[in-house]
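Novice: The residues making up each chain are set out below.
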Amino acid sequence: MSFFQNARKLLQQNIREYGMYIALFVIMAIFTVTTKGTFISSRNIVNLVNQTGYIAVLAIGMTLVIVIRHIDLSVGFLGGFLGAVVAIAMVQWHLPVFPAILLTLALGVLAGVIIAFLVAQMKIPAFVATLAGWLIYRGAILVVTESTGTIVIPDETFNAIGNGFIPDLPEMGILPGVHKLTLIIGLIAIVLLIISEINSRKKKQAYNFEVLPMEMFIIKLVFTSALIGGITWLLAGYQGLSWTAVVVLVVAIIYHFITTQTVLGRHIYAVGGNPEAAELSGINVKKITYIVFGSMGMLAALSGILFASRLQSATTTAGGLWELDAIAAAFIGGVSPAGGIGKVAGSIIGALVMLSLTSGMNLMGIGISYQYMARGAVLAAAVIFDVATRNRAH
Amino acid sequence: MSNPILEMKNITKEFPGVKALNNVSFQVKEHEIHCLVGENGAGKSTLMKVLSGVYPHGEYTGEIVFDGKVQSFRGISDSEKTGVAIIYQELALVPEMTVYENIFLGHEIKNGSIIDWNETIKRAGEMLKKVKLNVNLAEKVRDLGVGKRQLVEIAKALSKDVKLLILDEPTAALNEDDSENLLDLLRDLKNHGVTCVLISHKLKEVIKIADTVTVLRDGQTICTLDAQKGEVSETALIKHMVGREINNIYPKRETRKVGEVILNVENWNAYDPNLGRSILKDVNFHVNKGEIVGLAGLMGSGRTELALSIFGNPAGYYISGELSMLGSKKRFKHPEDAINAGVAYVTEDRKGNGLILIQDVKQNITLANLKEIATRSIVNDNAEVKVANEYKSSLNIKTPSVEQKVSNLSGGNQQKVSVGKWLFVKPSLLILDEPTRGIDVGAKYEIYTIMTKLVEQGLSIIMISSELPEILGMSDRVYVVSAGKIAGELAIRDATQEKIMQLATNY
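These protein sequence lines map, in sequence, to chains P and D.
Numbering (this note's numbering) for the first sequence: 100 to 493.
Numbering (this note's numbering) for the second sequence: 231 to 737.
Don't read these hints as lab results, they were simulated from the structure.
C-beta: ideal position from N, C-alpha, C; glycine also.
Heads up, some of the hints might be wrong.
[Claimed, not checked] Negatives, chain D to chain P, calculated, CB over 12 Å: (1) Glu310; (2) Asp448; (3) Phe541; (4) Ile586; (5) Gln593; (6) Lys601; (7) Val636.
[Said to hold, decoys possible] Calculated pairs, DSS-like style, for lysine-lysine (alpha carbon to alpha carbon, straight line, at most 27 Å): (8) Lys434(D) - Lys311(D); (9) Lys386(P) - Lys628(D); (10) Lys303(P) - Lys628(D); (11) Lys303(P) - Lys311(D); (12) Lys108(P) - Lys635(D).
[Said to hold, decoys possible] If you anchor each label on the Cβ, the simulated ranges turn out as follows: (13) Tyr548(D) - Tyr306(P): 47 to 53 Å; (14) Ile317(P) - Asn638(D): 43 to 49 Å; (15) Leu326(P) - Leu505(D): 56 to 62 Å; (16) Asp254(P) - Leu505(D): 55 to 61 Å; (17) Leu230(P) - Leu505(D): 27 to 33 Å; (18) Leu230(P) - Arg483(D): 38 to 44 Å; (19) Ser637(D) - Phe103(P): 38 to 44 Å; (20) Thr359(P) - Arg483(D): 28 to 34 Å; (21) Met327(D) - Ile121(P): 42 to 48 Å; (22) Pro312(P) - Asn638(D): 39 to 45 Å; (23) Tyr306(P) - Gly473(D): 49 to 55 Å; (24) Leu230(P) - Val365(D): 50 to 56 Å.
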């Protein structure tokens, strides 16, 4: 088979998967042109990543919730409420930063488990159970911030999560103005990626399975390496990798690994694909429901922490509409509303698409009213694309 | 000779990579019952979808002449307008609506733009009389049994002035009585001028009712047989369907070595809190190593419930009684416990609670025993493909690759995937619930052969089946279940169809 035939086959087979990346690339390219390069500047990209953080972690959790055929509307205000809790824990109870964060994450898990109890044990539809949660947490934010109003967080360590950057290596006279530790991390990531891809290829060959033709394999490696390299270079050009980016990356890698490589991940997708069949296959559907909602609650807490840290305070309005942004990000990222289908990586791309639109249109000076319409149109287009390519695959 | 009401000429329909129909011709005469038979995947359903417009004009080549005119249907509503109605296996009624609402759903009787409920109820009553169904019109379809729902579907079709009624395996889910009723009704409709096309796997029923039979195989018309000329017989049909003669479809077993008791169930009672009544009463039975135990009985007698109550009780019945495996007492709280103890259950409803249709063959095969191919909870994808390929070849699963989605496979091959999935848990007791329902003769034979091999290797099988010949052909011992009780146990040499039916209907 010739080179171009190979390339076409690869693209056709994976059009759905590559579609989102292409969409993100196109959106970024358009904004780069319309803002005369400001959009793609190091500073803006770093900001964009930091702004995406709290929605991205929610979208990761929401992906799994939708995969097992449920929904969670409560996570926005839960995140906002727990952001206030972490602030109170530090400011009023004088807890140190890390115990305060751990306490908040634990409370998030608890909140998720309560929802799971209602959904799995009491058989209440998730939409209703989490709508109740939405109302309750909204009230809860108002209660805890009633006396003080906005709670300002003075702790620098905590505020660094949303505003700080990883430290750099000492200045050695090479590459001045570039964040060298970020570059090194990027390089390590590229090397690890190449090693793991080569390993997986070798294992497949050992089993005599079909692998990509060599030239395609190399192109794929070069392309992904260039992508990581490019992003690293952009980030390193400003202040380097932010702590928010580190948190999101770690969460994304863990969840990507769990969903694609582990027995737990398989069980989650099986429950989403056909809950009755999963139950009869020895999978405890209730247990999976608890795990997925528990993880969602924990990520809602993390989301609240990221947001409070970025604002250096807990506000009375935190959490409004976060859940809908997260749900939109998941759907743009290819999660199927019918359950059983959806990827963590896709949802993060979805979150980036949403936030790129906001950021790009802000830079262009487009009013908020048109921004909502544009984001709605992109959501609709993404889902139409998804449905159209899915039908063609049959 | 009456005129043809329908002629489909040189129909060819291709899917990516497959020619589902290859130059098929199909002719139905007016006022006859025409049976369409063939193995699964032979193209029967595809042909009917072409006819009804599910695959619109232009997506196939060839010509459809119906009622003397060349037709080019663009959708089901087009074909319905000209008088073609299809009743599918999966019924298309709205469970929460009443019988009369369902009958006129989609072609409501209107006064201006307001539904005329009085006229609707009156006309619905007339329709029910035509199909000889005696139920309250205001009853919700949810509360009717499968047999009655089928009749409501037919009433719905009749209310649209149907000229050609197509039934896709209407008796697959019916018991003997309901099937018999349905066949009577079809004869009656024929006398009243309705032409019927019947797709069926049940050859006995085809022989009983058909005026003409068309056999499809591998997307081609093999032959059309005329019943009046005595061309329709079981051997002839099987020969044409599979392209070879199957003299004895139940394979001979080399050895019958029956070993120690593997499963023993005593004083087993179950109460279903959802139905609010007890469903199993004082059940006692046992299974030995290396034997096939048949569980016969009518549909709804409690056979599936018995199997599920043993298999970790996923439906949440309240259970009392004792269960032991190889002499040690067990209590399974979840299917997981049963699987770990070596029990596997292949469901009767492979699409509903057996397979995950949106996932591929390999994921379905490994699902119930992922730990076998995982180290420290991390799944080895390559080992998975290898395992799946082993079952693909040993069970002869016809699929281009194990990465194919299960929804794209034919019924027989889906059933093999289901069996493969449960063999991979390496069970010592395999429960097969209606293992050959809705699959064709060739695939049935393959399933029987697999069962035979398994018991020769020392596995024990409980086979639940509504088909008496299958029970008699495969079992070593038969229990007959009736109204939640074991009505009797028969050694295979004493068992006859009559004896089993007598026990099964003996409440």
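Novice: Does each hint hold? Answer for all of them.
Specialist: A quick look at each hint next to the structure:
A cut-off of 12 Å between C-beta atoms confirms that Glu310(D) is not in contact with chain P; the least separation is 24 Å. No beta-carbon of chain P is positioned within 12 Å of the beta-carbon of Asp448(D); the least distance is around 21 Å. Non-interface call for Phe541(D) relative to chain P: violated, since the shortest CB-CB distance, roughly 8 Å, does not exceed 12 Å. A cut-off of 12 Å between C-beta atoms contradicts the statement that Ile586(D) is not in contact with chain P; the least separation is 4 Å.
With a cut of 12 Å on Cβ distances, Gln593(D) falls inside the contact zone with chain P, its closest approach being about 7 Å. Chain P draws Lys601(D) into its interface by the beta-carbon criterion, the shortest separation being 7 Å against a cut-off of 12 Å. A cut-off of 12 Å between C-beta atoms contradicts the statement that Val636(D) is not in contact with chain P; the least separation is 10 Å. Taking the CA atoms of Lys434(D) and Lys311(D), the gap is near 33 Å; set against the 27 Å cutoff, the hint is violated.
A distance of roughly 35 Å separates the Cα atoms of Lys386(P) and Lys628(D); the hinted pair therefore is violated under the 27 Å criterion. A threshold of 27 Å between alpha carbons decides the hint, and for Lys303(P) with Lys628(D) the separation of about 23 Å falls inside it, so the pair holds. The straight-line distance between the Cα atoms of Lys303(P) and Lys311(D) is roughly 56 Å, outside the 27 Å bound, and the hint therefore fails. Between Lys108(P) and Lys635(D) the alpha-carbon distance is near 19 Å, which keeps this suggested pair within the 27 Å criterion.
A hinted range of 47 to 53 Å for the beta carbons of Tyr548(D) and Tyr306(P) is consistent with their spacing of about 48 Å. With their beta carbons about 33 Å apart, Ile317(P) and Asn638(D) fall outside the hinted range of 43 to 49 Å. Leu326(P) and Leu505(D) have their C-beta atoms about 58 Å apart, which keeps the hinted 56 to 62 Å range intact. For Asp254(P) and Leu505(D), the hinted distance range of 55 to 61 Å is satisfied, since their beta carbons lie about 59 Å from each other.
Take Leu230(P) and Leu505(D): their Cβ atoms lie about 31 Å apart, and the range 27 to 33 Å holds. Restraint check, Leu230(P) to Arg483(D): a C-beta distance of roughly 60 Å breaks the suggested window 38 to 44 Å. For Ser637(D) and Phe103(P), the Cβ-Cβ distance of about 32 Å falls outside the hinted range of 38 to 44 Å, so the restraint is violated. Thr359(P) and Arg483(D) have their C-beta atoms about 44 Å apart, which leaves the hinted 28 to 34 Å range violated.
Distance hint check for Met327(D) and Ile121(P): the Cβ-Cβ separation is about 45 Å, which falls inside the suggested range of 42 to 48 Å. In this structure the hint that Pro312(P) and Asn638(D) lie 39 to 45 Å apart at CB is violated, the actual value being about 26 Å. For the pair Tyr306(P) and Gly473(D), the supplied restraint of 49 to 55 Å is violated, since their beta-carbon distance comes to about 36 Å. Hint check: Leu230(P) to Val365(D), Cβ distance near 39 Å, so the stated range 50 to 56 Å is violated.
Of the numbered hints listed earlier, those contradicted by the structure are 3, 4, 5, 6, 7, 8, 9, 11, 14, 18, 19, 20, 22, 23, 24.
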